Amino acid sequence: MSEAKQYKYIGTRSIRPDGFDKVTGRANYGADMSLPGMIWGKILRSPHAHAKIKSIDTTKAEALAGVLAIASYNDFPSVADEVVATGEGSSNLLDLANNILAKDKVLYHGHAILAIGARTAAIAEQALGLVEIEYEVLKPVLDVNDAMAADAPVLHDNMFTQGLAETPTKASNIAARQEFKMGDVEAGFAEADLIVERDFYTPTVHQGYIEPHACTARYDADGQSMLWCSTQGHFDVRASTAKLLSLNLNRLKVIASEIGGGFGGKTTVYLEPVALILSKKSGRPVKMIMDRDEVFKASGPGSATRNWVKIGAKKDGTITAMQALLHYEAGAFKGSPVMMGCMTAFTPYAVPNMYVEGYDVVVNKPKVAAYRAPGAPQAEYAAEMVVNEIADKLGIDPIDLRLQNAAKEGTQTIYGPKLKAVGLVECLEAAKNSPQYQEALKENQGRGVAAGFWFNVGGQSSVTLNMNPDGTGTIVEGSPDIGGSRASMQLMAAEELGMPAENLKPIIGDTENVAFSAGTGGSRTTFATGMAVIEAAQDVVRQLKERSAAVWNLTADQIEYAEGETFSGDNRMTVAEICAGAERTGGQITGRGNINARGAGPSFAVHLCDVEVDKDTGKVDVLRYTAVQDAGKAIHPSYVEGQLQGGAVQGIGWALNEEYVYSADGHMENAGFLDYRIPLASDLPMIDAIIVEVPNPFHPFGVRGVGESGIIPPLAATAYAVSQAIGLPITDLPCSPPNVLKVIQDNA
Amino acid sequence: MAKIHVNTSINGEVVEFLCEPYETLLDVLRNDLQLTGTKEGCASGDCGACSVTVNDALVCSCLVLGVEAEGAEIGTIEGVSNKDQLHVIQQKFLEHAALQCGICTPGLVVSTKKLLEENPNPTEEQARYYLAGNLCRCTGYDKIIRAVMDAAETMRGAA
Amino acid sequence: MATVIFSGELEKLTGDIRTEISSTVYRDMVTELVARYPALSRQLLEEMAVAIDGVIIVDPLLEELLEDSEVHFLHFVAGG
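Chains as they are written, first to last, in the numbering used here: chain A, 1 to 748; chain B, 1 to 159; chain C, 1 to 80.
Next up, chain A with everything else stripped away, as it sits in the complex:
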């Protein structure tokens, strides 16, 4: 990899190549595609949080004029209890199918049961009202404690807890147990002068993307199918949809529309297989869009958790032991990210004695989906709050305490390997030297510090760089652009080719015209797809040299390349000249990069939050906020800053206001943006984003993904600031006015 050098294109703040379309409204998102003859699909959803379906009668619905098709679980050709590769991980196919259209049991308020395709959305809605369903209503469980109780109603008769010494014979709501350990925590606690332990609660939250799930599907008479959908991974949509509908992969073309936010929530499928079934049965293209309340009630939220953390330290600040017990809600089907919570909770610390136990628990709420660093925010919230409390009680500055115990290159992680080069120390130092940290606090104000760790992933990306006869080129890649990544692809290709960025146009191919690419998520795109872009560009350079060699009657190793030109001695050719003559030297040039990227570098983050609390109302105002994060190398600094700021604000929302509110019978009561309160422009100050660059040695430019780590520190940074402002411990999120007021009044 290159040493720290002056780059010409990367590190500049170019205008994103898709920008014109985005600011004019021309960009086409999931709901923007219409086809001739198109009909509308709507889903009938369970009014109960937990019930058996006794009977369904669709006669009246089918008789309504304009109704053309009805889809139910029985329309899935065959669903096996197997695991299918989706996202960067995998899903259980049976659970996925059941979540998309319930088979014989509904497991949450809003659970999809069947879908109706009709000439207009209004007719489809009307038809839903004519379906007659008989339910046997069951008692729901809405909290991990209720779900784990001995006499709890069981969601799945075939759920026997995995990961115990002996697999139980009695079904329960505990899907699995995880355990990670290192050293000897008991010995570690024995060495400690101070031990702090606390229980924490975080509520169910939603990723909150402004664009609802949407797709247009067309199933053609010869079995070819097309899906246009808003997704973070169109190859994953193809994989799961084809599996559910028993289609060969080459029969289903998936086109990723522009996407209006995902944050992990659009790495799975809800509407897409259903729309295809309706299209097949009606013989018409079908559009399906979720209403906002459907998005909240029936698309994957982030897990609510109950986490216990215990940390021991010597009076000089050396942390001697760290222990946690994590309980994560999976929603209606198994698979919360509790394992990643276990793996990340204490990873910012070089402490030899750690023990983390985690439980994956089902409850009668929507099945959770990935949410930005899935599993990490909840576990690290608990850990960071206790670390802050220890710093406070020992009289040590919270940044200094972290510096003293910071994970570095070579630190042993709880999940196995030792860390390679990482930038936590640099982030802590940048936070300590930041303007915010020098500001004095006044009465009723408080400050919180928190660190965050996320692994980042690599994975499969494919790119072709197709050169044109005029020397410009098209970068064809397969990563849906959720945050401006096309700008970075353009800059990386420009740097490698030594050509202006605007000569190279990045586009996102569909599943038929770009080779396999894993989804956009896991902070992988600038890293892995970037590497594939660089490889494709290097392939182009190699061919440019070969063509020049042919023209000059030399060998390729005698040719040099720089700044968009090949040269050898007095001979010189520009890329444009080589491409103009390419037809006569072997045809137009295409470069290729197909990789399964490895060596993703973790990104550490450190945040500072200053708040003021109105003790009469419990309202929290964020006064100042600084987000520091290690980007390895910021290809486009503005979009890196954007990730830091966006993650911070989602985390602030998680800390201050966001939560699913449920009635006793399991109905979500705040399924809209009015009452599911995400941060507004008027809630916030400017977010000071500080980019630290400790290069990742495994990427040609040193890139580390930055998309996810930024959501981790704000939970503790904000909540601890609140506790400092009111002089009382905070454990439960959100720190909404009534909750903060209650803490104040209970301790008056």
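Distance ranges between label pairs, derived from CB positions:
(1) B:N119 to A:N28: 31 to 37 Å
(2) A:K615 to C:T3: 55 to 61 Å
(3) A:K615 to B:E125: 21 to 27 Å
(4) B:T123 to A:Q162: 54 to 60 Å
(5) B:L63 to A:Q412: 54 to 60 Å
(6) B:S9 to A:I507: 34 to 40 Å
(7) A:A171 to B:L63: 46 to 52 Å
(8) A:T12 to B:V14: 43 to 49 Å
(9) A:L64 to C:L62: 55 to 61 Å
(10) A:A664 to B:E16: 49 to 55 Å
(11) A:E439 to B:V14: 54 to 60 Å
These are computed hints drawn from the structure, not numbers from a lab.
A quick note: this is a predicted structure, and the numbers were derived from the prediction, not measured.
All residues carry an ideal CB built from backbone N, CA and C; glycine is no exception.
Starting from the structure of chain A, add chains B and C where the hints point.
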């Protein structure tokens, strides 16, 4: 129910359409007139992604009925730029990277244009409160507000 | 001889924390481990990612192991 015939003007052009009485202006723009630049985020007036102007008033088009467009002047995102010339606001959004996924951007551009018509010299606080009805989940608003303040300054300079 | 370090569930299945292997390629290492520990299966191990000297590799089939390489098995991490 029979559809209702509506005569209106959109971005300065005479337009007529048929719509159901229950259709919102948002439905009409997107589904009947193929003007998909205006986005639906919530259909309940909480997110601002569907912001348009009706007789120069800034509204959520999901809270206006299609039939209310009769005789009115509607302004949508499609009317902000002038052929291939971006409005200063749009240009500043790009320069400041004030968008990531871009779904909130059309609504924000329309709202910002109205803000700066009403108040060409807003403070940061005034800008934040005026735009509080436009939700963004990606950016944390920092770069949006910087773009708005910069656009305001540029437009004052050009005036 | 490269070293394989077991944690969590693999430690429970094998009863060992670490073991040395003579294989120099991942695929052969899996064969060696499955032969040594009856509770391990090829399928179980190949479903996991490996970290070889700290670098997480999801497609390790032909990956070479050096004299002093350290190998950890990990479950796949999924992002959002």
